[in-house]
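Residue numbers (my numbering), protein chains in the order written: chain A, 1 to 114; chain B, 1 to 624.
Simulated from the structure, these hints should not be mistaken for laboratory data. Please note that the accuracy of each hint is not assured.
[Claimed, not checked] Some chain A residues close to chain B (C-beta under 7 Å, calculated; not the full set):
#, residue
1, D6
2, I7
3, D26
4, T87
5, Q88
6, M94
7, I97
Ideal placement from N, C-alpha and C gives every residue a C-beta, glycine not left out.
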Amino acid sequence: MANKFDIQVRAENKYAVLETAGYLNDALGEDLSKKAQELIQKGYTQLVINLEQTALINSIGISILIEIIEALDERDGTLNFCGLSATQERTFRMMAIAKYAGIFPDEKTAIANF
Amino acid sequence: MHLSSAEETIQRLIFSLSELEQLGQTLISGHSNFKVSSKTYLRITLGTLQVRRGAILCYHETDNYLSIAASTPEIDDTQLDIEPDEVGCLLESSSVELDTPPEDLQNFINRNSKLLIDNSMHRLWVPLKIHDEFLGILCLGEFLGRAKLEEWEQELLTILAHQISIAIAYSRNEERIQSEKFRLFMLAESAPQICQLLQPEDAAEQVVHQAVALLDSNVGALMLIQANQPNLELHYAFPPDILVSDDTEHDPEKKFIISMEDGDESDPKTSQQMLVNVVKEGRTGQCPAKMDSLFGGRTLMAGPIQGRDGDVLGVLAVGDKEERGGRIAEYTFEDETLLDSFAKQAGVAIENAHLHQEALEARQLQAEMEEARKIQENLIPETLPEIPGYEVAGHYEPRGPVGGDYFDCIELPAGGWGLAIADVSGKGMQAALLMATLRAGLISELSSATISEGSELDDMKNELIDMAMTLNSLLYVSGTEEKYATFFYSHLCPETDTLTSLNGGHNPPLIVKNSGDIVWLGDEVGGLPLGMFPNDMVPLIAKYEAEQTKLESGDLVIFYTDGVTETVNIDDEFYDDERLEQVAKSCSEIDASQICERVYRSVMDFQGNADQFDDLTLLVLRKQ
């Protein structure tokens, strides 16, 4: 697992992509939440979170992802995830995240499914 | 349009009720995160009661502080410390007028006056609670156009505060359930995942990663007991550079080590000692903040890693448990139980990976041994040449792991015969290759040898010494410090019946004279094993020397390796020189091949059922 913590944001016309790198814990999660909130405030309601470079997520990271889903839900927005490992995908389904957000293998498919 | 007071009140009530109904729906729909809904609750409260400024503060019991969930105007996330008696005072109050606060709250107000008064949230506070559980404070600033709330507004405020309390409690319960669900799922998911990893390094990495995530920690490490050493050795740390010592900082190849011998077990003053105690006692332990010198003075918890049979293999440590908001928290009893369960699974996974690795290495070693054996057997001559006037015979018996015995009898271009026997130290491929090197060097040297029957004795001796130095140099550069060869070489001139010999640290061959007397060949001349020291050091320790012996009809020379004299029987006795002498003396009437067979049988009879680990080699020369 890379020990590099980073979030890259790429805002397009109708959607924005947030790419995380490193352990999704409180620190990285809060940063992700802040950047997602900024995008939502700017009017972006279609977000993709690419977790390809994030091998590990703790329970705080999960709760932050749920918050982002709820914040988007308030604006009738959509959140799609991509780049999940098999374990992460099973976790997301078990935690009911998959009920409120899309899960796709790659960024291209996640964007195409808004 | 001008609304009457009654109409305005009704409109405010309708607004409030419709918003609350909507929030209630949200609450039961599963979208109940208070961090998201708190802003809406505050907006409804301030709007309904016509208050411009306010905040909802949430209480965090584990660390006794209040955080700002929502505020108008927005205030940066700040933590307000609160004492237990101040919480008790708030629990007893339905509301607090800040003009006339209870005495027990005065300190709290003074401590936080800048934040609260600067932001005009000092008019009225309503404690948020459910039964005896304190959840936070709803802070309100000045009321618009009036000095105090009307009675119906106060009743509405009580309802709103209660709704907010329910929302906080519901959100926290949801968080707890989600967190526990996540942990249980991770625990169930991680076991089969890590058990599939067959490389010990991969297993160590995954174990630490899973433990860190499972326990909401920020650091972790796996340390295992070193083989045959009372030390804990770091196998993986997250982040990788979290555990460094003066040694490991300067040499990345060195591993971080904790000695298990130092320190006072009954007084675990340091995190190192706590880890050692976890291993020795075989149960999970914690190290309070400020005692942890490993991870930088934060919280640390560790559990023993046990194998299938319950032996403690090492310790799995996690540290720096985080809470929402970045605060570092103490580990709870539930955390200890969880780490304990996970460490049990991790132990099996790590043991599996190590056993797999050992099995692989054993297979590789076995394959290498077989290859080495083939090399070695190819170097041993299948037949020996016929020497006019002499009989010569050899026997090689591999026993146990591949050793490095060698013997040969070579006809020299300049005349005469070279008889050599050697025993290379060590075993396996390295020994076989060193033996091949020695044989190649010897053949090369003998092919250019100039000694012949007419040579002067000193010239013959010097040539043998030069050959020994060349072979010593060759083996020294080819092997490691532990790799060397004992070597005995005799140059036979059948025309003169002389045997000129040089000993490189080998067992002196035995001569049984036709008179029955025993002579040990080369016993008096020195010489180090080949390849043990560089050439420039050899003369300083024990230079090579050569000697010449005259052979007579019926004389018998037995060259052998230590596999003969060091053969042990079931009583752990050595075969020894005396038994060799005895059997050799009984061979006066038989030829070289029969002598070889008789000596070999004698050794085998002596050995009985005792296990042997060294090869047995014999080279017999008999003057007819």
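Tested hints:
Given hint, D6(A) at the interface with chain B, is violated; its Cβ is 14 Å from that chain's nearest Cβ, farther than 7 Å. A cut of 7 Å between beta carbons decides the hint on I7(A): the least distance to chain B is about 16 Å, and the hint is violated. A least Cβ separation of about 5 Å between D26(A) and chain B falls short of the 7 Å threshold, and the interface hint therefore holds. Satisfaction of the interface hint for T87(A) is found here, the shortest Cβ-Cβ separation to chain B being roughly 6 Å, below the 7 Å cut-off.
The restraint placing Q88(A) at the interface with chain B is violated, with a minimum CB-CB distance near 10 Å, outside the 7 Å limit. Checking M94(A) against chain B: minimum C-beta separation of about 5 Å stays under 7 Å; hint holds. Because the closest C-beta pair between I97(A) and chain B is about 10 Å apart, greater than 7 Å, the hint is violated.
Checked against the numbered hints given earlier, this structure breaks hints 1, 2, 5, 7; the rest are met.
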